[in-house]
Amino acid sequence: MENTNFIVLFLNWLLSFDKKALILAASAIGAGFAMIAGIGPGIGQGYAAGKGAEATSINPKAAKHSTMIMLLGAGIAETSGILALVIALILLFGNPLVVQEGDGLVIAVSAIAAGISMIAGIGPGVGQGYAAGKGAEAASMNPDGSRPSTLVMLLGSAVAQTSGIFALVISLILMYANPLVSGHGAAIVLAASTLGAGIAMIAGIGPGIGQGYAAGKGTEATGKRPKLQSGIIKTMILGQAVAQTTGIYALVIALVLMFANPLIKLL
Amino acid sequence: MEGGFGPKIVFTLPGGIPVTETVTNTWLIMVLLIGFSFIVTRKFERVPKGLQNAVELLVDGIYNLTAQTMGEDKIAFAPYIGTIIIYLICANLSGLFGLRPPTADVNTTMGLAIITFVMIHFFGMKRKGVGGYLKGFLDPFPVMLPLNIIGELATPISLSFRLFGNIVGGLIIMNLLYGGLQSLSLKLGIGIPIFQAAIPAPLHLYFDLFAGVLQSFIFSMLTMVFVSIAMD
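Taken in order, these protein sequences are the chains called A and B.
Just so you know, we're using UniProt numbering here: the first sequence kicks off at 1 and counts up by one.
Just so you know, we're using UniProt numbering here: the second sequence kicks off at 1 and counts up by one.
This is chain B alone, in the form it adopts within the complex:
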């Protein structure tokens, strides 16, 4: 099983650029989310009903969460936070539909963590001025400078691998379970892998639903907390 758990290459673009499952599944989620936002933002009415109610609840919730966590003055971050939380939930739950979650690829999670990393330092400098911001690295003692720098670099690593480790861990365990159940039913002489029907359901509940939603939430929360700490 060489590289058995990595994303498969779906096709290769001219010029030898491989396009993996991660990329195609991300495209699929993008299309779905763009379609969703296009449909729900037609025909807004003053008194909301039906679908508009649900969407307003969602947007309201995200704004409240941002205001509560980052403070009222940083409410402008809400659209970005909303975007990553919705994208991550869709990405992490795509395992339930038999797709490989894009977040089970360290490239996706590292990309998102680098955005957070840039945000932390860009908004820190913007709020405190470049000099005042860089002086923060000398706290509490100037000797701590190298350690402070390594600590800052460790943030995106832990942020990305927290998400990646949880999702890919679930993926590997579920893959092995399905394989094991299949060989079990084949050994018993049943052509149809009946054991795969109900047994994996509780594990899907834990690994996909619980870990998936929780890790999306934690990633967004940590992004908010780190950015707001850098700004205060």
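Just chain A, same shape as in the assembly:
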């Protein structure tokens, strides 16, 4: 019987290739996907640069100082872009999936999912850039309080990185220790679960931006009232921990899909 279902046709077409070629092609797509994360640092650092320019006009005397803080913050905002670059480089130059035993389709999808997962880096990039901008602003408004406000910016940005780090963890698991590759069951379900694990991590965009906003506001508040630093830090971190919730949901779902998948047994 002639099969006209598009997905079946597509899968048959995919499986007509050599297993290694399929994995290499998927790695190329995954590396491309990973780099989408660059949107985040781009927006964030642009915001920081804008705030830096504004800060210079507000208080030219502190221009050197606020520029330094802007650069420091922008350096942190680069982190998720660099993590994405690292995943892309591993996929291109040190791909561990090529030599893995197991179903070709699942391994190929692992490469794509590892890339998709890194898209979460958009969030931390935007958020940390916002914090960097607020840091530069705070330094120009109140140069005396710039040391504590920079400290709050660093801490807040570090927490805002969390969802990007979760994405990195999932990405590394997908590449080095994906349990579905040697799993038993229909290859299509295993492959789809792998892809789902990667897609789930995109949720990290939200916590990244939100926590970055909290970090920026914390920095601003500390700049205004440096003496209240430790109280501001505590409120900020508690709020950020709550904002992390949806990112943790995503992490849990990604881990469940890989390590305790209920769907595989249904078939």
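Check before you lean on any hint, since a few could be wrong.
[Said to hold, decoys possible] Distance condition first, Cα-Cα at most 27 Å in a straight line; then the derived BS3-like pairs of lysine-lysine:
1. Lys49/B with Lys234/A
2. Lys234/A with Lys217/A
3. Lys234/A with Lys187/B
4. Lys224/A with Lys234/A
5. Lys43/B with Lys234/A
6. Lys217/A with Lys227/A
[What the hints assert, rightly or not] Not the full set, but computed from the structure, chain A residues with beta-carbon under 7 Å of chain B:
7. Gly75
8. Thr162
9. Val169
10. Thr246
11. Ile248
Hints listed in this document are in silico derivations from the structure and should not be mistaken for laboratory results.
Every residue, glycine too, gets a C-beta built ideally from N, C-alpha and C.
Place chain B on chain A using the hints.
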């Protein structure tokens, strides 16, 4: 390039226990730090001069940072915080001397994060009592219990992978850059890889110096903040 970016095994102990670069480089840093603290703590004088000045500045700075971040009542944490901040800076900067940073191994960073995790919960229980501490997991609503537990478990994961990801990322990018520069100079027919001389310097500045020092600082700061939040 199978496992091309992992730590190499230097030698194997009897009984088949592999000893990796991570372990030997940690030993090296330990020897250096022990030697350093032995030398600088000889012959203390009432009026400090020379080396003693620098060491007093360092110790003073760490105590001030701890008091400022955790509060005066938790100043007793300063020696531990000082230890991890100095160790992490040495470990992260060891890449500059051609060593593989011990922090580029998830075992090191996870070990340090587990110490922080134990500290958070031990001192939380010690300060609030076991019952009062466990009741905190039911806030704001008892329904939040599973999420609170997962949130607590996520802390050491994000703490360790933040450090690991930054350092290993720099390591991989620098490795690929050196490899690329070498093959470039070989392609141009120059036996000596001259391109490796100056080009990587700014990247070393960013990945080793900036990211290394910053991540050491952030790890110690987050440890302080988490422990002091658990205690208040």
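Taking the hints in turn, this is what the structure says about them:
1. Between Lys49/B and Lys234/A the alpha-carbon distance is near 39 Å, which puts this suggested pair outside the 27 Å criterion.
2. Distance restraint check for Lys234/A and Lys217/A: the Cα-Cα separation of roughly 13 Å lies within the 27 Å cut-off, and the hinted pair is therefore satisfied.
3. Distance check on the hinted pair: Lys234/A and Lys187/B sit about 56 Å apart at the alpha-carbon level, beyond 27 Å; violated.
4. Pair hint Lys224/A plus Lys234/A holds up; C-alpha atoms about 17 Å apart against a cutoff of 27 Å.
5. For the given pair, Lys43/B sits about 42 Å from Lys234/A by alpha-carbon distance, which is inconsistent with the 27 Å threshold.
6. In summary, the hint linking Lys217/A to Lys227/A is supported, as the alpha carbons are separated by about 16 Å, within the 27 Å threshold.
7. Contact between Gly75/A and chain B, as hinted, is supported at the beta carbon level, the nearest pair being about 6 Å apart and thus within 7 Å.
8. A least Cβ separation of about 4 Å between Thr162/A and chain B falls short of the 7 Å threshold, and the interface hint therefore holds.
9. A distance limit of 7 Å between C-beta atoms decides the matter here; for Val169/A the minimum to chain B is near 5 Å, and the interface restraint holds.
10. Nearest Cβ of chain B to the Cβ of Thr246/A: about 11 Å, over the 7 Å cut. The hint is violated.
11. Look at Ile248/A: its Cβ gets to within about 6 Å of chain B, closer than 7 Å, so that hint holds up.
Checked against the numbered hints above, the structure breaks hints 1, 3, 5 and 10 and satisfies the rest.
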